[in-house]
Amino acid sequence: MRALASNKASIWRSLLCCLFTLLPALGYADTFGVEVKNAEITLQGNSYVLSADMDYRLSARALEALQNGVPLYWDIHIKVQQHRDYFWDKTLASSGIRYRIQYHALLNMYRVRNEGSGELYNFSTLSAALDLMSTIHGFHVMDRPVGASTERYAVGIKVTLDRDALPLPLRPIAYTNPQWYLSSDWTLWPLIK
Amino acid sequence: MAFDKIKPPISLSILVLFGLILLLLQLMSSATQESSELSAMYSWLLLVNALGSVVLLGLVGANIYSLARQLKKREAGSRLTTRMVSLFVVLALAPAAIVFYFSMQFLHQGIDSWFNVEIDRAMEDALELSQASLDQRMRWHLRQTQQLTEKLVEAPETLATLEIENLRELSGASEMTLFSRQGRIIASSSINPGDILPSLPDEHTWLQLRQNSEYVALTPVRDDELMIRVIVTVKAKESQYLQALYPVPVRIADLADSVEFAFVRYQEMHFLRHSLKLSFSLALSLVLLMSLLAAIWVAFISIRNIVAPVKALVKGTQAVASGHYDQELPVIAQDDLGFLVESFNEMTHRIARASDETRMAGIEVENQRAYLETILANLTAGVISFDAGHKIRTANQAAYRIFRIHVNQFVGRTLLELVESYAELAEPLKSIQRLLEQADDIWQQRIAFLGPNGRQELLCRGTPLFSQEGFRVGAVVVFDDVTDLIQAQKNAAWGEVARRLAHEIKNPLTPIQLSAERLQHKLANKLADGDADMLQRSTTTIVQQVEAMKEMVDDFSEYAKPSKKQTVDIDLPRLVQEVLALYVLKSGVKFKADYDVGLLMVKGDPVSIRQVLHNLIKNALEAIDAKGLIEISLRRVQKNNTDFIEIALYDDGPGIKDEQIEQIFEPYVTTKAKGTGLGLAIVKKIIEEHGGAIWVDTSRKVGAGFIIQLPACNY
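Protein chains in written order, with the working numbering: chain C, 553 to 745; chain H, 1275 to 1989.
Hints in this document: simulated from the structure, not taken from any laboratory.
Just so you know, even glycine gets a beta-carbon here, dropped at the ideal spot from N, CA and C.
Hints should not be assumed to be uniformly reliable.
Stated by the list, open to error - Chain H stretches covered by chain C per the calculated footprint, using a threshold of three residues with CB under 8 Å from any CB of chain C:
| id | stretch |
| --- | --- |
| 1 | 1480-1494 |
| 2 | 1532-1538 |
| 3 | 1594-1602 |
| 4 | 1696-1704 |
Claimed, not checked - Computed footprint of chain C on chain H; a stretch qualifies when at least three of its residues, placed anywhere within it, have a C-beta under 8 Å from a C-beta of chain C:
| id | stretch |
| --- | --- |
| 5 | 1514-1521 |
| 6 | 1646-1659 |
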């Protein structure tokens, strides 16, 4: 370590070195959360349909909770926005899918339920269960927007963990412990007409 | 004031606040019930409560800060407030802390007591039992299905549907399907005729099936229904599978569900144990914190209200101490403090009244003093007050006038000190000093002395002043210049004597003279020469003496008669010149006249003034025995802001003896062998009638000198 060299400058340099070395490490520590891997919107007939792939990486705390029978509720939010120069963007359409994933000890299964349609899916492995939630295929977003060709539109997708649906005692912790910050940010991309 | 009126009473605000806090806490408590509708709002309620605590903390902090500032400034009532607040906080905090501590203890122990190893194991065992029971059932159904496939061996494919139907009914399965390895359905039968499409295995099942050539598993159908799915290879036809769906009996399914539900709940609770503790502790802490903060805040407000009258009292007392008696404190409540405030107001009223009375009395005393001073100042008698050390404290105008000592040299000095500066007043001042020192009671004494204006006589009365304890604290001396009074008395007496003398003596003189002349006339021719001569000498003597007596009586009447003055302006130099002209002719006498420049006019009777000059010059001529020098000077002098014309007349004769000086102006005082002794008396009378003064100039060592001062005419 050169940092142990006598002068102060070298100490500062070494500190900076450490910082830069640690930064990626901090990044690695944040290996949980939902990430939208790719998403595309296509025009099928007269309406736009969305296909997207997400990656669910549960934190240790969330995984532990799930395996102890705590159901986790996930919301996939989808919106279409019209860009406005001097005002907030106007939301033209917003829809979503709500999943519940829960572990069943008796059957040793993970059960995913689409809260909207009521469909049930059972999986013997977690990854299979998460895979179901990870894929959206041909999701109807909206009818073709009527507007001038100069207007710009954007599509956004976001996945959140509904912390208010967690058991009551877990909620204060869920709001304060970063292990429970699993929601993704909005992933936005322009809508090509 | 208007704001005060619309402000709700403080007690109401406090009640509302407490109600709000209770409501919030109750809501939060309700929200902790999982089933409650408020459960969804739990986080928000927690946040609102936390915010409420922060707001209360801010309020309490602001109050503490304000109190600290008041303490630093040593404001009235701040220390009492601090003590009361501290006491309240300690009293409130101690039991709350104890309750909190034990609640936490009970809470933690209570939650921990829900979980233990036995229950853990029991739960797991129960689940295992359920699983074992279901496993057994699955195995049994597997064997049953395997046996069924043996019956399928002979049946041709076309009759398979019928065969399957039979087999399904035989086995009690709810659905039975025969399908090829590729997933093509060959035959199917369902207990429910409506189900046209049989439930086919999914990819995962296929995978297992291909590996193990048989598959058995529990499959949830819909929400709460369990099925046992069994797939086995048809032994005769390797390319075919038989799938049978057996319903799990409702009772067993319910039991398994119940066990699972309990296990899951237990697992969940076990997992959430720490969160639960934390959550309850948080809620408890929040409740305690909010209640405490609210209580402390309310304590601040209440204590401020309690201390307010005390504060006002302290301020009021300070104001009264610094002399502002017009303090009227508002009576807020009719309690003990209110009574105290009322008493204070009563006290300040009384003090203010007493103070006003004192001030009025002071003004009255001052007025009296001024009045007395005015009277004293206008008295003709001199009044001097002395302190215990015989120093002069006050003296009135008359005292200055009598002693002719300037005001600023009078006060604060003793009489003996004044003697050093005014040697001519040594005699009276020393006398008064002696009397002051000696007299223990009221004293009165006449003091005569020779002042700068001749002989003066003072009538002094002294009163020593004593304190209530009997100590001598000073004295007051009142004195009058009685010179003029005594002189006037003397003059009046002499006037009376003269008038009587004239009256009594003059009347028999004429008969005496006539009788003597008649004797002379009748007997002169009849007597012998010797006798005739004797008669002649005797009658001549009688006539001469009678004439002399007549002159003397005339002199007396002249002295006695009241003056009949005609006042005109007299040019004194001219008058002196005229008088001197009558004497200049007399040989052997030199006259020297010396006049000031300017007008030397007096108002008076020229005849009287002429007589004065005659008398004085005659006296001088007699004194110098008709040979020598007589000097007359006239000049203007100023005395007591009045202009006087001074006539000084000197001779170089033998002078006047000291013992005669005092009485020289009295009638019948003469140094001459001849004369009535009325000359100078008349002179003095005339001069005094003209408002002037005459005295012997004692400073002159050679001969005699007279000084006359007459008020000058001011033009």
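For each hint, the structure was consulted:
Given as covered by chain C, the stretch 1480-1494 of chain H passes the check, having 3 residues with a CB less than 8 Å from a CB of that chain where 3 are the minimum. Only residues whose C-beta sits within less than 8 Å of a C-beta in chain C count toward coverage, and the stretch 1532-1538 of chain H has 4 of them, enough to reach three; the restraint holds. For the stretch 1594-1602 of chain H, the stated coverage by chain C is not satisfied: 0 residues place a CB nearer than 8 Å to a CB of that chain, which falls below the threshold of 3. Using a Cβ-Cβ cut-off of 8 Å, 0 residues of the stretch 1696-1704 of chain H lie near chain C, which falls short of the minimum of three, so the contact claim is violated.
Under the rule that three or more residues need a Cβ within less than 8 Å of chain C, the assignment of the stretch 1514-1521 of chain H is violated, with 0 such residues. Note: the stretch 1646-1659 of chain H has 0 residues with beta-carbon separation from chain C under 8 Å; the three-residue rule is not met and the coverage is violated.
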